[in-house]
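Student: Fit chains B, C and D to the supplied structure of chain A, relying on the hints for placement.
Number of protein chains: 4
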Amino acid sequence: MVQIDINCDMGESFGNWTMGRDEDVMPYISSANIAGGYHGGDPHVMRETVALAAEHDVGVGVHPGLPDKMGFGRRKMDATPEEVRDYVTYQFGALRAFCDQHGVTFQHVKPHGAMYSMLSESPDHARAVMEGILDVDDDLIYLATDMNIYEVTQEYDDLDAVFEGYVDLDYNPDRSLIVEQEKETRDPENVADRFVSIATEGTVEAVNGETLDVPADSICIHGDTPNAVDILEAIHDRIDEHDIELAPLHEIV
Amino acid sequence: MVQIDINCDMGESFGNWTMGRDEDVMPYISSANIAGGYHGGDPHVMRETVALAAEHDVGVGVHPGLPDKMGFGRRKMDATPEEVRDYVTYQFGALRAFCDQHGVTFQHVKPHGAMYSMLSESPDHARAVMEGILDVDDDLIYLATDMNIYEVTQEYDDLDAVFEGYVDLDYNPDRSLIVEQEKETRDPENVADRFVSIATEGTVEAVNGETLDVPADSICIHGDTPNAVDILEAIHDRIDEHDIELAPLHEIV
Amino acid sequence: MVQIDINCDMGESFGNWTMGRDEDVMPYISSANIAGGYHGGDPHVMRETVALAAEHDVGVGVHPGLPDKMGFGRRKMDATPEEVRDYVTYQFGALRAFCDQHGVTFQHVKPHGAMYSMLSESPDHARAVMEGILDVDDDLIYLATDMNIYEVTQEYDDLDAVFEGYVDLDYNPDRSLIVEQEKETRDPENVADRFVSIATEGTVEAVNGETLDVPADSICIHGDTPNAVDILEAIHDRIDEHDIELAPLHEIV
Amino acid sequence: MVQIDINCDMGESFGNWTMGRDEDVMPYISSANIAGGYHGGDPHVMRETVALAAEHDVGVGVHPGLPDKMGFGRRKMDATPEEVRDYVTYQFGALRAFCDQHGVTFQHVKPHGAMYSMLSESPDHARAVMEGILDVDDDLIYLATDMNIYEVTQEYDDLDAVFEGYVDLDYNPDRSLIVEQEKETRDPENVADRFVSIATEGTVEAVNGETLDVPADSICIHGDTPNAVDILEAIHDRIDEHDIELAPLHEIV
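Protein chains in written order, with my numbering: chain A, 1 to 253; chain B, 1001 to 1253; chain C, 2001 to 2253; chain D, 3001 to 3253.
Next comes chain A alone, as it looks inside the complex:
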């Protein structure tokens, strides 16, 4: 039986500002990437999101961002590898304490937005972050958004890593993603087809029709796609049909 994880960014509300539909989406996923209070989230949001994940037996990881709330962590900044490592450690530790409060095992790390891009472009930054994580806890899983990052994780024997694929965005032939300015509604059946294709074959069709290898053990779903819940329901129907097992990252590695 094929096992696969569905991960989704969560806990990106801040104070009085709401973002996403965490309560609607949480029942359908197996791993939650929870914002750590830098690009989004705050202590109250983090605690509530951890509690919600616990209620649905969803694996919990941190989604650390750059210290740029006004830019939602989407603007690269000239921070050193050490600075980025310390930002990750800070946010990761903060979230882990809420996990401990709720009896939830802290599972994984998946950097957000521009921080992810910086790590993808600079192996020195990626290494600093990974070594920082390992120094705190070598049971953690690194959720790798692209091959650049995944390759750096392979330098560390102690670091478990999972490669993630995308089904609600289109792939270019070079396996880069076509990111939309504004999230659009997606055909749930088409997205679910891709899900099955990646889960069972490890491949997906690029925009030009070419077949790409996407050896992913986790699929990232964007909770802000307007019809995200419909998409997740279509995926769950396929999961049942194709005898795929949904499992959080820590059961997969």
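FYI, nobody ran anything at the bench for these hints, they're computed from the structure. Heads up, some of the hints might be wrong.
Unchecked claim - Derived BS3-like pairs: lysine-lysine, alpha-carbon spacing no greater than 25 Å straight-line:
| # | chain 1 | residue 1 | chain 2 | residue 2 |
| --- | --- | --- | --- | --- |
| 1 | C | Lys2076 | B | Lys1076 |
| 2 | A | Lys183 | A | Lys76 |
| 3 | B | Lys1076 | B | Lys1183 |
| 4 | D | Lys3076 | A | Lys76 |
Tutor: Positioned in the frame of chain A, the structure of chains B, C and D alone reads:
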């Protein structure tokens, strides 16, 4: 042999702004209360301060503050018990991750400034924070700045608490402290006398000459007193003379 | 012909987080209270909101808040009169520059949330803010949310002040407002009746049926009431029927 | 008689954290670049610094930074021209309000740190900022730190610009500056020689002995050079000897 701890607030620099003389003071103390990034401190400062504490075998705790950097956490705000609890959990978890990175045992919690005052005035706030801490880790020590707080700690069997005394500030006859607007130089010998008196007798003289009970197992030293290092040297001389043993909180409880 | 202003809080989005329906509401109002970047708003949001107000010939004022984004400026804090005055000056100046960029006359000041409450409870705080405003520009109008504040404005010959009334909230017999935890849908006709009553008679019915004096020249509408646009349409129908003239604050004083 | 301005960055303290020696330096300069609350400064610091400048008849400008307090505005970030323009407008407006409060004419704009570098490298960013300034007030002066920036200012007929030179840092032969990691003590007489050379000849000697054109009408002095006051005194002695007149920017353009 009498055991006593010396604690000092540390890691209150922020970004490019320096505060305190952490490197000069660290060699003389046994427990460091490290700012958690809200009223002061940042991830880089926290990591460096934990590393400095580790170098000097100083016990490490968190000094969490209100989210008010502009006011240095010194202005009370209408936050609920749950909000304050979550602020403590967040900062405490963040600091604990840096401790794990450096192989340092995370030891204690001592709220800063206006947060401390809020907990002292509202047992509901104090209870929320203490229960939040216990839910994360019941090996932690609560460093209690006044009797109001100390009494709330005694409601929890699982919570170790230590009462702290002051020697570089004057006591009113009701055991409240006379806090100066601007830190003044203090006579090191006089401060050291008080230290011995609290450590060995559990008493100190109030401003009116009355003898007060101060059953403290830890003495708080203010690193921003202009001659803090002279004071600490005078105290260390007395420690040797009076066969007092300096010990971090976790060896005392 | 009776003249009255309709004011509404605007520009409370922040970065990637959206709040309110500014574009839908702006066509119906005559004065916009625009957040100054402390409790909500940011430079980009401020500029866009000023441009939107200019497009609809809406008078622009600042809605300054406490430096507490996480609490949306709704938590009172122990700030001195001078601190609050400086926060107002800062935000007011920032917004005024965007007005100058768009050829819009800067019209008024209306403090937000807990800052408003602090000024209402402490005349010293209110005076500091009003004197700060007058020192910058004595053509400004102070939009006074309650009688405490209004009375302090009357101490200053140079300060124009307008008292505001509420129609989408209920009044207690002592003229205090019943604020709901969550905004509820309101009957547009009932709200419009109150609008006419305050505009033409200067009175409104309290929850107990008593008639209250509400000598208001501006009516505050909450843009986050779920059916705010329906309410505004009902009010505009009455404005036409009753020969009331909608006019921004600067045409009223 | 030669006229020249001395400018210095001021008001970079924040909350409880002090930076620089504004009170010692202000008597010797003619223009102050005051931080706008983003990289440093806060409303209280801004007001006090404006008051201090007013006391010494020093011209006041804003020193706007990126929204990165933790990095002191020294890290470039991927912000768009429009975002940077809005950050400048916001900070500039805020400072101008404090100037109005103190009867001080707001004089100039000089971007700080990484924001300056971004404008120097991207004419689109520089143009957006300059056009934003002109839309608010076309009497302002742009203080240009390098030739890239200065050239962009020349595209605007309405924008007065002044080029600044440096005397407490060394020039490379290409007229770029050698910036030290940590500020070092400088020989006051040597610095004063350079001051006279730039003021009277418009030239300075580069590190390799070559003579460079530095057609500056303002000299930037770093207040954090350890012996900044000694340097300023040496410069003032030369000013008297060489019949140079110290004048704020608005008297020079």
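Student: Are the hints correct? Go through all of them and say.
Tutor: Evaluation of the provided hints:
For the hint linking lysine 2076 (chain C) to lysine 1076 (chain B), the alpha-carbon distance of about 8 Å falls within 25 Å, and the restraint holds. Taken as a hint, the lysine 183 (chain A) and lysine 76 (chain A) pair is honoured in the structure, with Cα atoms around 21 Å apart against an allowance of 25 Å. Proximity of lysine 1076 (chain B) to lysine 1183 (chain B) is assessed by CA-CA distance (about 21 Å); at most 25 Å being required, the pair is judged to hold. Between lysine 3076 (chain D) and lysine 76 (chain A) the CA atoms are separated by roughly 8 Å; this keeps the pair inside 25 Å, and the hint holds.
In this structure, none of the earlier numbered hints is contradicted; all agree with it.
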